[in-house]
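There are 2 protein chains.
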Amino acid sequence: MSIRIGIYGYGNLGRGVECALRQNPDMSLTAVFTRRDPASVKILTEGVPVYPAARAKEMTNEIDVMILCGGSATDLPVQTPEMAALFHVVDSFDTHAKIPAHFDEVDRAAKAAGKTAIISVGWDPGLFSLMRLYGNAVLTDGKDYTFWGRGVSQGHSDAIRRVPGVLDGKQYTIPVKSALEAVRSGQNPELSVREKHTRECYVVAEEGADKARIEAEIKTMPNYFAEYDTTVHFVSQKTLASEHSGIPHGGFVIRSGRTGENGEHKHVIEYSLKLDSNPEFTASVLVAYARAAYRLASEGQTGCKTVLDIPPAYLSARSAAELRRELL
Amino acid sequence: MSIRIGIYGYGNLGRGVECALRQNPDMSLTAVFTRRDPASVKILTEGVPVYPAARAKEMTNEIDVMILCGGSATDLPVQTPEMAALFHVVDSFDTHAKIPAHFDEVDRAAKAAGKTAIISVGWDPGLFSLMRLYGNAVLTDGKDYTFWGRGVSQGHSDAIRRVPGVLDGKQYTIPVKSALEAVRSGQNPELSVREKHTRECYVVAEEGADKARIEAEIKTMPNYFAEYDTTVHFVSQKTLASEHSGIPHGGFVIRSGRTGENGEHKHVIEYSLKLDSNPEFTASVLVAYARAAYRLASEGQTGCKTVLDIPPAYLSARSAAELRRELL
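Listed in order, the protein sequences are those of chains P and S. If you read the first sequence in the numbering used here, its first letter stands for residue 14, the second for the next number, and so on. If you read the second sequence in the numbering used here, its first letter stands for residue 14, the second for the next number, and so on.
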């Protein structure tokens, strides 16, 4: 008997979840829900229906876990609590500063309905958070570093595209190699924002646009680029499409600390991700946590959780005894 | 009110636990237990008593968690079940093949006594096991690689010292760089034992010993060296003491896998440790899991667990809300 999954929202992430479910034979896709016209949404899995989002509430007997695939800005703050009143849910809410408030909302809804919710699942927040936690717990006297990239930042790419005269654009966040090396060596450096990451922009300009002005506007844009060393490359739409159509990402979490009678021994823990597809990887994490949500629910553990609360073994389809034998 | 810890066995690991406890103000060291003459054991913490091992059973009211610091070969198989009948316990049992049997023994003893036990805590088994589990759960279609080193292998150093004509010796396990690179690139290579690690030996020979014979005996020793490319360096006792007295170790866990409609996207997850002191780092992991054992026990979760069963948040002295705010 497989875990019956619903996908709520069918963009890159929803499609990634659909692909990930095919790699997990203990789960099956029951339906996809969309706010668009269902007839306009073509999914990969034959025989699985696409329904209007409003129909979800009629399917509480057909779906065990709803995986929410909307955005953090406006979708999830509304959708996750709403769905947590009907299903066990998993979301990838990633606005770090708003996690406590989102947690409280979802916790209230899930508890009232006797459902299990896991929020902020993915790689940051998500696997990176786990690494920060393990690193902190083990090396109490130490320092944390998180670097992102090389990868595409959706928010920064959007910011570029809002500059007058820009037709299209893509932004890569890149960790500074020398900073990474300093951290790895266990020097525990203090690093400014500028010292940690650079930003690289590929921009398609309108014909006849003032490229020098566009470049200056990008480089001085507050919050997005002004605090960084930014490079701007003007390319054709064709080049952008052929060389920059992917959504790669990744990054590093490093914990560096000391032990011993007088802190005489240094230790460095490093975790890194190199991802060809950010949404597909995030989706794969969501699916593993959907399994955990289902298990927690079968034990009667309701309310909101995060990756920090979930026993790792719950992510795996294998039994505890198998895991001890094969992975421990 | 701090968690009251006992240390059972005071070698490098026990001393490491003692140091780690100083970095964790929510825990305190109550007593150290030894099978040696307690008068001969000098510990670092003033005012803490050293008792004969047999006295442990009289201290069930003074100690919450006993951290077992003996060896896996003969100590822990006996001591962990024995102590789990009296205290919540944590051990670093690391004979992978015998974990299931050890688990059963400890589980039986702990359950009968209503105690909580966590076994096989450290970095492998331990943090590396967690990484294998997370990697497998997220990238279902993929391949695992574990590399060890550069670091000192106690077992191989002991083996060198048993060769006639050898006064002293130290062995380093070293991952092969090109193999690591191939794995990192996502090629999912099939690697033989020889292709993954080399072994480097620093040997002090007796005066007049036949070095060529010693070198040959080491290099052809079955199970330990014959399957590897091994280098033997003859050094003076003084050089061994000055340049090879440390106990560094570390290693890499890499999971490489594919996602997408047709597996078109590659992903690489890499976790690595670079440790100046293997026993002190292992001890730091033990102490974090002692905290978790105490928490599980306060919830009435008894019996034997491994790192795979423990909610990550239980390792931290911070509250769940703090963790969500600060680390997630």
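Read the hints as simulated data drawn from the structure, not as lab findings. Given the structure is predicted, the values throughout are model-derived calculations rather than measurements. Keep in mind that the hints are not guaranteed to be accurate.
The following residues of chain S were derived to be distant from chain P, with all beta-carbon distances above 10 Å [what the hints assert, rightly or not]:
no. : residue
1   : A33
2   : F116
3   : V165
4   : R207
5   : G273
6   : A310
Output of the computed footprint for chain S on chain P, the stretches with three or more beta carbons under 8 Å from beta carbons of chain S [to be verified]:
no. : segment
7   : 109 to 117
8   : 266 to 275
9   : 284 to 291
10  : 317 to 323
11  : 329 to 340
Backbone N, C-alpha and C fix where the C-beta goes; we use that ideal spot for every residue, glycine too.
Hint check results:
no., hint, verdict
1, A33, "6 Å, violated"
2, F116, "6 Å, violated"
3, V165, "13 Å, holds"
4, R207, "24 Å, holds"
5, G273, "6 Å, violated"
6, A310, "16 Å, holds"
7, 109 to 117, "holds (count 4)"
8, 266 to 275, "holds (count 3)"
9, 284 to 291, "holds (count 7)"
10, 317 to 323, "holds (count 5)"
11, 329 to 340, "holds (count 7)"
Hint compliance for this structure: hints 1, 2 and 5 are not met, and every other hint is.
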